[in-house]
Amino acid sequence: GNSVTQMEGPVTLSEEAFLTINCTYTATGYPSLFWYVQYPGEGLQLLLKATKADDKGSNKGFEATYRKETTSFHLEKGSVQVSDSAVYFCALREYGGSQGNLIFGKGTKLSVKP
Amino acid sequence: NAGVMQNPRHLVRRRGQEARLRCSPMKGHSHVYWYRQLPEEGLKFMVYLQKENIIDESGMPKERFSAEFPKEGPSILRIQQVVRGDSAAYFCASSPNLRYYGYTFGSGTRLTVV
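Keeping their order, the protein sequence lines are chains A and B. Its first residue numbered 397, the first sequence is counted upward by one per residue in this note's numbering. Its first residue numbered 130, the second sequence is counted upward by one per residue in this note's numbering.
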């Protein structure tokens with residue numbers, strides 16, 4: 397079945413450090429890939445997405461590239477801020493028939509220290 | 130343009146009581162998804178509904194859980210005879226159609242069973 401695996405947290409960084417959160421997936425078809433962010437006590441917000449191989453999603457300084465050959469969608473940011481502290485979820489969505497639900501990884505908690 | 134509205138934000142129930150969680154999708158969205166987030170876990174798909182129809186309930190526990198999305202009014206996730214293991218955050222998401230690439234999530238209902 398389809399699945400998403402992302403690196404275990406928590407990840408603790410100093411402000412302005414480089415961030416990478418690894419995400420790999422298993423899918424039978426050609427899924428769309430997503431990163432969601434969850435701030436404390438809130439719901440999930442879509443951070444960025446990519447719908448086909450080699451697409452790069454980007455938003456708020458975050459980037460991720462859909463790599464079909466390595467089945468990966470790693471999240472990166474060149475310089476993190478304290479306000480980026482949150483839990484980040486990688487997810488995929490595969491279409492077909494009546495499907496359409498998202499499959500999430502377990503989440504990676506990021507803490508950024510000033 | 131209000132987002133996805135969930136209520137209540139927090140719900141406390143004693144073991145054996147019923148819990149009713151409500152979700153009003155974004156205006157113009159006719160597809161609703163319910164997810165459950167257990168502590169320190171990612172989100173798990175429960176059920177996907179369109180107006181008056183359950184499309185996919187493959188993630189719903191077979192007993193005590195039910196969902197509906199009537200023609201008028203919010204979607205309801207109902208848990209009968211709650212047990213401690215039902216304590217979790219329940220999130221609702223909506224989209225305008227099956228091909229829409231990103232959901233909009235509500236802020237969730239945090240259910241605590243005492």
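Rather than coming from a laboratory, the hints here were simulated on the basis of the structure. All residues carry an ideal CB built from backbone N, CA and C; glycine is no exception. It is possible that part of the hints are untrue.
What the hints assert, rightly or not - Calculated from the model, a selection of chain B residues having no Cβ within reach of chain A, i.e. all distances over 10 Å:
id, residue
1, Q135
2, E147
3, K156
4, L172
5, K173
6, K191
7, E201
8, G202
9, R207
10, Q210
11, R213
12, D215
13, S236
14, G237
Stated by the list, open to error - Calculated pairs, DSS-like style, for lysine-lysine (alpha carbon to alpha carbon, straight line, at most 25 Å):
id, chain 1, residue 1, chain 2, residue 2
15, A, K509, A, K464
16, A, K502, B, K191
17, B, K156, A, K445
Claimed, not checked - Facing chain A, from chain B, some residues (calculated, C-beta under 7 Å):
id, residue
18, Y162
19, P168
20, Y177
21, F194
22, G214
23, A217
24, F220
Here is what the structure says about each hint:
Not every C-beta of chain A lies more than 10 Å from that of Q135(B), the closest at about 8 Å, which undercuts listing it as non-interface. For E147(B), the non-interface assignment is confirmed: its Cβ lies about 24 Å from the closest Cβ of chain A, beyond the 10 Å cut-off. The claim that K156(B) is not at the interface with chain A holds, since no C-beta of that chain comes within 10 Å of its own (minimum 17 Å). Listed as outside the interface, L172(B) is inconsistent with that label: its C-beta sits roughly 5 Å from the nearest C-beta of chain A, within the 10 Å cut-off.
Remark: the non-interface label on K173(B) conflicts with the geometry, its nearest Cβ contact in chain A lying 8 Å away (cut-off 10 Å). For K191(B), the condition that its CB be more than 10 Å from all CB atoms of chain A holds, with the nearest at approximately 18 Å. The non-interface label for E201(B) is consistent with chain A: the shortest C-beta to C-beta separation is roughly 23 Å, beyond 10 Å. At roughly 21 Å from the closest C-beta of chain A, the C-beta of G202(B) stays outside 10 Å, upholding its exclusion from the interface.
No Cβ of chain A approaches the Cβ of R207(B) within 10 Å, the least distance being about 20 Å, so the stated non-interface status holds. The Cβ of Q210(B) sits about 26 Å from the closest Cβ of chain A, beyond the 10 Å cut-off, so the non-interface label holds. With a least beta-carbon separation of about 22 Å from chain A, R213(B) lies farther than 10 Å from that chain, consistent with its non-interface assignment. At roughly 19 Å from the closest C-beta of chain A, the C-beta of D215(B) stays outside 10 Å, upholding its exclusion from the interface.
A beta-carbon of chain A is positioned within 10 Å of the beta-carbon of S236(B); the least distance is around 4 Å. Listed as a non-interface residue, G237(B) fails to keep its Cβ farther than 10 Å from every Cβ of chain A; the least gap is roughly 5 Å. Between K509(A) and K464(A), the direct Cα distance comes to roughly 34 Å. Violation of the 25 Å bound is thereby established for this hinted pair. This hinted pair checks out: K502(A) and K191(B) have alpha carbons roughly 23 Å apart, not beyond 25 Å.
Between K156(B) and K445(A) the CA atoms are separated by roughly 23 Å; this keeps the pair inside 25 Å, and the hint holds. Evaluation of the Y162(B) hint against chain A yields a held restraint, the C-beta minimum of about 6 Å falling below 7 Å. A hinted interface residue such as P168(B) counts as satisfied when its beta carbon comes closer than 7 Å to some beta carbon of chain A; here the least separation is about 11 Å, so the hint is violated. A least Cβ separation of about 6 Å between Y177(B) and chain A falls short of the 7 Å threshold, and the interface hint therefore holds.
Hint on F194(B) is violated. Least Cβ distance to chain A is approximately 16 Å, over the 7 Å limit. Contact between G214(B) and chain A, as hinted, is not supported at the beta carbon level, the nearest pair being about 18 Å apart and thus beyond 7 Å. A distance limit of 7 Å between C-beta atoms decides the matter here; for A217(B) the minimum to chain A is near 14 Å, and the interface restraint is violated. Among the interface hints, the one on F220(B) holds; its C-beta lies about 6 Å from the nearest C-beta in chain A, closer than the 7 Å criterion.
Violated hints, listed in ascending order, are 1, 4, 5, 13, 14, 15, 19, 21, 22, 23; each of the other numbered hints is respected by the structure.
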